[in-house]
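Protein chains in written order, with the numbering used here: chain A, 1 to 170; chain X, 171 to 281.
FYI, nobody ran anything at the bench for these hints, they're computed from the structure. For every residue, glycine included, the Cβ atom is placed at its ideal position computed from N, Cα and C. Please note: incorrect hints may appear among the correct ones.
Calculated pairs, DSS-like style, for lysine-lysine (alpha carbon to alpha carbon, straight line, at most 27 Å) [claimed, not checked]:
no. : chain 1 : residue 1 : chain 2 : residue 2
1   : X       : Lys265    : A       : Lys98
2   : X       : Lys264    : A       : Lys98
3   : A       : Lys168    : X       : Lys227
4   : A       : Lys27     : A       : Lys3
5   : A       : Lys19     : A       : Lys169
6   : X       : Lys258    : X       : Lys227
7   : X       : Lys258    : A       : Lys98
8   : A       : Lys16     : A       : Lys27
9   : A       : Lys169    : X       : Lys227
10  : A       : Lys3      : A       : Lys16
11  : A       : Lys98     : X       : Lys281
12  : A       : Lys19     : A       : Lys98
13  : X       : Lys201    : A       : Lys98
14  : X       : Lys227    : A       : Lys114
15  : A       : Lys19     : A       : Lys48
16  : A       : Lys168    : A       : Lys114
Quick look at which bits of chain A chain X covers, simulated, 3 or more residues with Cβ under 8 Å [claimed, not checked]:
no. : segment
17  : 70 to 81
18  : 85 to 94
19  : 97 to 109
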Amino acid sequence: MGKYRLSNGLMVFPDKDIKMLEAMSRKGYHVDSINAFGLYHFSEGEPKDYIYAINYEQNLREDFLDYYQASGWTPIIVQDGIQIFRGVPGSIPIFTDKDSKLEMLCRYRNGYLKATIVTFLLLLLYTLSTRMINLGVWEVVIWACLWCVFVFPATCLYGLVRAVRQLKKG
Amino acid sequence: MGRVSPYESGELTDSIFIILLCMLQPVHGYKIMQRIQELTDGELQIGPATMYTTISKLCEVGWVEELASDGNRRQYVISEEGMAVLQKNFNFRKKIMALATELLTQYEEEK
Numbered sequence: 001m002g003k004y005r006l007s008n009g010l011m012v013f014p015d016k017d018i019k020m021l022e023a024m025s026r027k028g029y030h031v032d033s034i035n036a037f038g039l040y041h042f043s044e045g046e047p048k049d050y051i052y053a054i055n056y057e058q059n060l061r062e063d064f065l066d067y068y069q070a071s072g073w074t075p076i077i078v079q080d081g082i083q084i085f086r087g088v089p090g091s092i093p094i095f096t097d098k099d100s101k102l103e104m105l106c107r108y109r110n111g112y113l114k115a116t117i118v119t120f121l122l123l124l125l126y127t128l129s130t131r132m133i134n135l136g137v138w139e140v141v142i143w144a145c146l147w148c149v150f151v152f153p154a155t156c157l158y159g160l161v162r163a164v165r166q167l168k169k170g
Numbered sequence: 171m172g173r174v175s176p177y178e179s180g181e182l183t184d185s186i187f188i189i190l191l192c193m194l195q196p197v198h199g200y201k202i203m204q205r206i207q208e209l210t211d212g213e214l215q216i217g218p219a220t221m222y223t224t225i226s227k228l229c230e231v232g233w234v235e236e237l238a239s240d241g242n243r244r245q246y247v248i249s250e251e252g253m254a255v256l257q258k259n260f261n262f263r264k265k266i267m268a269l270a271t272e273l274l275t276q277y278e279e280e281k
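Could you build all of it, start to finish, from the sequences and the hints given here?
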């Protein structure tokens with residue numbers, strides 16, 4: 001029987017998720033999917049000492065997986081913007097230098113920065129317009145929806161800014 | 171002050187330098203990782219994410235050209251601009267090696 005576990009926030013605390021996936025594999029539960037709400041599904045199997053790696057590439061080229069498979073990493077979850085790979089202890093790390101990781105994180109951070117600014121401006125414009133137009137009960141509903149649309153890129157941006165800072169320091 | 175990217179400064183890291191060397195002939199991206207491992211007897215390994223990101227960036231700055239796809243697998247080759255950057259870095263490294271050889275020989279002789 002499978003099990004479910006909630007992500008710790010894949011974009012903000014990827015290391016926590018990696019530790020959790022590895023601990024689950026040691027217990028015999030191996031991740032096979034994640035849904036839009038951050039809920040992982042694990043299939044039951046033999047306990048294994050697997051290791052996991054997370055990447056955030058966007059606009060994947062068709063030869064993307066070749067690189068990982070040639071290095072012994074098995075793709076488990078591959079979506080535009082999030083990829084999770086499974087390897088065995090001793091596998092070559094997916095990033096072997098700081099520059100390439102920084103390059104990827106900065107590219108991704110800049111995308112979320114734009115999205116955060118755009119959604120913030122939308123939220124601001126809407127808040128100002130409600131002073132002139134009365135939408136009744138819809139006012140709160142639209143406001144809540146816009147907040148949700150703003151919070152997602154803002155949270156991702158926070159995680160990426162944090163990751164870039166840690167990498168530059170470390 | 172922030173660090174300048176090697177793609178802006180033209181000062182290549184060891185990984186980018188060797189990746190460009192492997193692209194003197196058209197090659198599939200994923201095969202470069204194996205080639206580097208063979209050439210350096212496993213001393214230098216390039217991870218898949220590093221390889222993929224580096225190739226994307228090399229194409230973006232125009233140091234590498236993408237050739238027509240062979241099925242799903244793309245081939246890459248160094249461009250003229252990339253060749254100029256590689257040559258400049260090669261000359262610099264050669265000078266450093268010559269200097270290191272001279273100083274180390276001097277040190278050995280004085281011992």
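Each hint tested on the structure:
1. With a CA separation close to 26 Å, the supplied pair lysine 265 (chain X) and lysine 98 (chain A) stays within the 27 Å bound.
2. Between the alpha carbons of lysine 264 (chain X) and lysine 98 (chain A) the distance comes to roughly 25 Å, so the proposed pair stays at or under 27 Å and holds.
3. Taking the CA atoms of lysine 168 (chain A) and lysine 227 (chain X), the gap is about 19 Å. The hint holds against a cut of 27 Å.
4. With a C-alpha separation of about 11 Å, the suggested pairing of lysine 27 (chain A) with lysine 3 (chain A) holds against the 27 Å cut-off.
5. Distance check on the hinted pair: lysine 19 (chain A) and lysine 169 (chain A) sit about 22 Å apart at the alpha-carbon level, within 27 Å; holds.
6. Among the hinted pairs, lysine 258 (chain X) with lysine 227 (chain X) is consistent with the structure: their alpha-carbon atoms are about 19 Å apart, no more than 27 Å.
7. Of the supplied pair hints, the one linking lysine 258 (chain X) and lysine 98 (chain A) holds, its CA atoms being roughly 23 Å apart against a limit of 27 Å.
8. Distance check on the hinted pair: lysine 16 (chain A) and lysine 27 (chain A) sit about 17 Å apart at the alpha-carbon level, within 27 Å; holds.
9. A hinted pair counts as satisfied when its Cα atoms are at most 27 Å apart, and lysine 169 (chain A) with lysine 227 (chain X) qualifies at roughly 23 Å.
10. Our distance criterion of 27 Å between C-alpha atoms is met by lysine 3 (chain A) and lysine 16 (chain A), whose separation comes to about 18 Å.
11. Distance restraint check for lysine 98 (chain A) and lysine 281 (chain X): the Cα-Cα separation of roughly 39 Å exceeds the 27 Å cut-off, and the hinted pair is therefore not satisfied.
12. Between lysine 19 (chain A) and lysine 98 (chain A) the alpha-carbon distance is near 21 Å, which keeps this suggested pair within the 27 Å criterion.
13. Taken as a hint, the lysine 201 (chain X) and lysine 98 (chain A) pair is honoured in the structure, with Cα atoms around 22 Å apart against an allowance of 27 Å.
14. With a C-alpha separation of about 20 Å, the suggested pairing of lysine 227 (chain X) with lysine 114 (chain A) holds against the 27 Å cut-off.
15. For the hint linking lysine 19 (chain A) to lysine 48 (chain A), the alpha-carbon distance of about 14 Å falls within 27 Å, and the restraint holds.
16. Using a Cα cut-off of 27 Å, the hinted pair lysine 168 (chain A) and lysine 114 (chain A) holds, with the two alpha carbons roughly 22 Å apart.
17. Counting residues of the segment 70 to 81 of chain A whose C-beta sits closer than 8 Å to any C-beta of chain X gives 3, which meets the bar of three, so the coverage hint holds.
18. Chain X is given as covering the segment 85 to 94 of chain A, and this holds because 3 residues of the stretch bring a CB closer than 8 Å to a CB of that chain, at least three being needed.
19. Only residues whose beta carbon comes within less than 8 Å of a beta carbon in chain X count, and the segment 97 to 109 of chain A has 6; three or more means the coverage holds.
Figure legend: structure checked against the earlier numbered hints; the only hint not met is number 11.
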